[in-house]
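Under my numbering, the very last position in the sequence shown is 925; numbers go up by exactly one each time.
Hints are not guaranteed to be accurate.
As the list claims (entries may be wrong) - DEER-style ranges, computed between Cβ atoms:
1) C435 x R281: 21 to 27 Å
2) S27 x P524: 48 to 54 Å
3) R281 x E545: 46 to 52 Å
As the list claims (entries may be wrong) - Cross-link-like lysine-lysine pairs, in silico, DSS-like; alpha carbons within 30 Å at most:
4) K649 x K49
5) K49 x K878
6) K369 x K481
7) K132 x K649
8) K878 x K51
9) K878 x K840
10) K878 x K152
11) K121 x K152
12) K170 x K543
13) K152 x K253
14) K117 x K51
15) K51 x K600
16) K604 x K543
17) K874 x K911
18) K644 x K51
19) K666 x K644
20) K253 x K604
21) K121 x K132
22) K543 x K253
23) K696 x K649
24) K481 x K430
25) K543 x K225
26) K543 x K525
27) K840 x K874
28) K355 x K225
29) K152 x K840
Please keep in mind that the hints were generated in silico from the structure rather than gathered at the bench.
Even for Gly, the Cβ is constructed at its ideal location relative to N, Cα and C.
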Amino acid sequence: MDTQSQQTHAFRYGSTVANELESRWQSHWQAENVFHIGNPGDEGFDASKPKFYCLDMFPYPSGAGLHVGHPVGYIGSDILSRFKRMNGFNVLHPMGWDAFGLPAEQYAIETGIHPAKTTQKAIDTFRGQLQKIGFSYDWSREFATIDPEYYKWTQWIWLKAYNSWFDCDKQSARPIDELVSQLNAGTLECDGTQWNERTEIERAQYIDDHRLAYLGTQVVNWCPKLGTVLANEEVIDGLSERGNHPVVRRPLKQWMFRITAYADRLLSDLEGLDWPSSTLRMQREWIGRSEGADIYFTIEGTEQSLLVYSTRPDTIFGATFMVVAPEHELIQEVLANPTSECDVDAVRAYVDTAKNRSDVDRMADTKEKSGLFTGLYAINPATNERMPIWVADYVLMGYGHGAVMAVPAHDQRDFEFANAFGLPVREVVKSIDDCNDECFSGKGVAINSTSDAVSIDGQETDEARQTIIEWFEANGMGSSKTNYRLRDWLFSRQRYWGEPFPVVFDENGLHYPVSSDALPVELPKLTDYEPIESEDPLPLLAKAEDWLRTTAGEAGVDPSLLHPDTPVTREANTMPGWAGSCWYAIRFCSPHDNARFVDKEAEKYWMGDGVDLYIGGAEHAVLHLLYARFWHKILFDLGEVSSKEPFTKLFHQGLLTSYAYQRANKSLVPMHQVEERGDVFVDIETGEEVERVIAKMSKSLRNVVNPDDVIEEYGADTLRLYEMYMGPLEASAPWNTRDIVGVHRFLQRVWRLGIDEQTGELRSDLADEPNDAVERSLHVTIAKVTDDIPNLSYNTAIASMIEFVNTATSEGSVTRDQLARFACLLSPFAPHIAEELHAKLGNDTSITFEAWPSFNEAMLTSDVIELPVQIMGKVRGKIEVPADASQEDIETLAVQDEHIASLIEGKTIRKIIVVPKQIVNIVAN
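Sequences are here, hints too, so could you generate the full structure?
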C-alpha cells in the first residue's frame with residue numbers, strides 16, 4: 001500500500017487499530033471493575049435477579065504459557081457469560097489456578113529454582129495472556145491452590161472427612177462423635193465384641209477403621225531410585241516409564257479416602273445431570289457396579305473354602321478350574337505346606353515376579369497367559385467335581401476376592417488360559433441367535449447344567465442366575481452380592497509440592513488431628529527437592545527435620561487429645577494434585593473469607609442447584625469429576641453445602657489440533673520453517689519435501705501456536721471469532737493460520753459498516769430510515785444468535801452474523817439503531833470492537849450491561865422468496881417470487897426470466913416441475 005493509501009485508510013481495522021482499541025478497553029474493564037460481581041448482602045447486589053454460575057476447569061499454569069488450543073473452552077464460557085449478563089442475570093465467572101503438583105516439582109529438581117517462584121511466574125504469564133484475549137472474569141475472586149489461605153480450607157475439608165464416618169443405614173456421612181456415642185450407649189453392634197470389653201487401643205483402631213479419611217495399607221508400585229510411588233500407567237515391564245528404573249510392588253501404609261462407601265450414590269445421582277453421554281458412561285464404567293454372587297468352593301482335603309465373586313454364577317457347571325492371584329493368602333499356605341504336585345520353587349519364583357508387574361501390564365490383552373498349578377484342588381459345589389487351583393497374574397487382588405472360578409467356554413481370559421495349559425472347556429450357555437464363537441460370553445439358555453443337587457437346564461440367563469443363587473443361599477454355599485470396580489482413593493504422595501496433611505503421630509505411631517484453629521499447616525521451604533533414594537518409602541518432607549519433629553502444642557493438637565509437651569512427628573506425605581481442584585467451585589463463592597470455608601448465603605445463592613455450566617476438556621471425564629463429586633457429597637451430608645451435586649451441566653470443548661511436519665526420517669520441522677508449494681510442503685531451509693500430519697499441539701511436535709502472536713497480527717477479537725467459527729464447539733479441529741484471514745475480513749466489514757476509515761469516527765452517511773431487507777435480516781440474525789448461544793452453537797451464530805453483514809453491505813444501508821443492535825449481538829463474541837462501536841454511537845457506559853436485542857416473529861419470514869431454476873436438472877439461475885405465489889405464477893415467472901428465457905429459446909418445454917418454496921426444474925429439449 002502506498003503512503004497516500006495508508007493516510008486515506010489510517011483507521012482501517014487491522015492489527016494496529018485492533019491492538020490499540022483492545023488494550024484500551026481491557027484497561028477500562030479493569031479500572032472500572034466492569035465484571036465484578038458481589039454476593040447476597042453486599043451493597044448494590046440484587047439477589048432477586050436470576051443467577052448464572054459459569055465455571056472453567058481452571059488451568060495448571062506451566063512455564064510454557066498458553067497455546068491457541070487452551071482458550072477454546074474459555075472463549076466458549078465467556079460468550080455465554082456475557083450473553084447472560086445482557087439478559088439480566090447475575091453472573092459469576094471466575095478464574096484461578098491449579099498450582100500444586102509434580103510438573104513444578106520436577107522443574108525445580110532440574111533448575112534448582114523453588115516451585116513457588118516458577119509457579120508464580122507461570123501464573124503471571126497465564127493471567128497476562130488471558131487478559132489479552134478479553135475474558136470477562138471477575139479477577140477479584142482469583143486464587144491459587146498453593147495459597148496458604150486456600151489450602152487451609154483444603155486441609156479443613158480433609159479433617160471433616162477424618163472426623164466423619166459413613167452411616168450405612170442413613171447412607172450418609174455423619175460426625176465420628178455420633179459413632180462413638182452409639183458405641184458407648186450400646187445401640188450399635190461392633191463386630192461381635194462388646195464395646196466396653198475392648199481396650200483403649202482396640203477402640204481407637206475400630207474408630208479409625210470407620211473414618212472416611214483413614215490410614216490403610218495398599219500394595220503400591222515403589223521406585224527406590226525415583227523415591228516415589230508410581231501409578232500403574234507409569235510402570236512398563238517392571239520398570240519406571242521415566243528413567244527405566246526398577247519398580248517393586250510392596251505394601252505401604254498411606255492415607256486413603258473411603259470413596260467406595262459412596263459408590264451407589266455416585267452412580268445413582270448421575271441420573272439428574274446434564275452431562276455428555278460419553279462422560280456419564282465413563283463415570284458408570286469406572287464405578288463399575290455389577291450384580292453377582294459370592295460362592296464358596298471347598299478346598300479338597302481341608303476345612304478351608306475358597307471364596308470367589310462371579311457376575312455369572314449361572315455358568316458354574318462350566319467351571320473346570322480355579323485361579324487365584326499371586327498375592328492371595330492361599331499362596332502363602334501353598335508355599336509353607338506344599339503338596340507333592342506343587343513345584344514350590346517355581347511357584348515362589350513366579351509369585352515374586354508377578355508381584356512386581358503393574359496391574360495394567362498384567363491385564364494387557366496382548367500378554368500371553370502364564371501360571372502354575374498350586375497342587376491344590378477345589379470342589380465344585382454344583383457338580384461335586386475336583387477342579388485344579390492355579391496361580392496366575394491375570395487375576396488381581398483388587399477385584400472380587402482375588403480368586404475366580406474359571407469358565408473357559410464363556411470368558412475370554414479363562415479361554416486363553418485353558419488353551420495355553422490344556423485345561424478342559426465345557427459349554428454351558430447356548431446363544432439364542434446361534435452364535436458360533438468358540439468363547440461365548442453373552443446371555444443365552446443354560447445347557448449341560450444339571451446334577452443330582454440342582455438343575456438350571458433350559459433356563460434363560462437371568463432366570464438361571466436367580467435360581468442358582470437361591471440354591472447357594474439355601475445350602476449355605478454362597479449369596480447374592482453387589483460388587484464395584486471402584487476402589488478406595490489412595491490420597492498420599494511422597495512428593496514435596498502438595499498440601500501437608502493436618503495430622504501428627506506420637507512415639508507409638510498413633511495419629512492425632514491438628515485443630516482447625518491451627519490451620520493452615522504450611523509447607524516448609526526446601527532447597528533440596530531430589531527424591532530420597534531408599535528401599536523403604538521416605539517422603540521428601542522428611543528432609544525438613546526442624547518442621548517434621550515438634551510437639552503436640554506447637555503442631556496445634558487439641559490438648560484434650562494429647563498433652564502439649566508430647567513429642568510428635570508430622571505426617572511427611574503430601575496430598576495429591578487432585579486435592580485443591582476438588583472443591584474450588586465452592587470457594588469461588590466467597591474466595592477471601594478467612595473465617596470460614598464458604599459463606600453460607602453466597603454458597604446457597606450461587607450453588608444451590610450446582611454450577612450452571614462447567615466447561616473443560618474430556619481428559620478430566622473420570623477422576624477429577626468423580627473426586628470432586630465425592631468431596632461435595634461429604635460436605636453436603638455434613639451440612640456444609642446446599643446441593644447434592646457440584647456441576648449441574650457439563651460441557652467438553654473439542655481438542656484444537658495443529659499441523660505438524662516431519663521429514664522422511666520422521667524428524668520434525670518447526671511450523672514456521674515450512675512452506676506450501678502447490679500440493680506439497682517443503683522445508684524452506686533444505687528444500688526437502690515434508691509430510692503434513694494433524695496432531696495435538698505440543699512443544700515436542702514443534703507445532704505450538706502462541707495466542708500472543710495471533711493477537712499481535714490480527715487482534716484478540718479475530719482470535720476469539722476464529723476459534724468459535726472452526727466448527728461445533730465440542731468437535732476437534734485443526735488450527736490453520738491462513739484460515740483466520742477470512743474471519744478478520746469479516747470484522748473489517750463490520751468496522752466499515754459504522755466507522756469512517758479516514759477519520760476513525762462514526763460514519764456520517766448512516767441511513768435515517770431502515771432498509772426493509774436489512775431490518776428483516778437483522779431480526780433473523782437476532783433470533784438465530786439468541787437461540788444458538790444457550791446451546792453453545794457458536795459457529796452457526798457467527799455464520800448468521802456474517803450473513804447479516806453481507807446483506808447490510810450489499811444493500812449499502814444501515815441505521816444507527818441497526819448498528820447498535822448488531823453491536824450487542826457481536827459483543828459476546830468480539831467484545832472489544834463491539835464496545836468501540838457502542839461508544840462511537842454515543843454511549844458512555846459499557847455494552848456489557850446493555851439489554852439483549854429482541855426480534856419480531858413477523859419479521860422472520862419474507863414476502864418474497866428466492867428459488868433456484870434448473871434446466872434439465874442443472875441450476876441455471878434464480879428468480880424471486882412472492883411467498884404465496886401459485887404454481888402457475890411461478891412457472892410463468894421462471895420462463896419469463898430474461899436469463900432463463902435465453903437458455904430455453906428454440907427449445908420445446910416438455911414439463912415444468914415446481915417444488916414449493918424449494919426449486920423449479922424445466923424439462924426442455
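**Study point:** Violations among the numbered hints, reported as their numbers in ascending order
**Key:** 2, 5, 8, 9, 10, 12, 14, 16, 19, 20, 27 and 29
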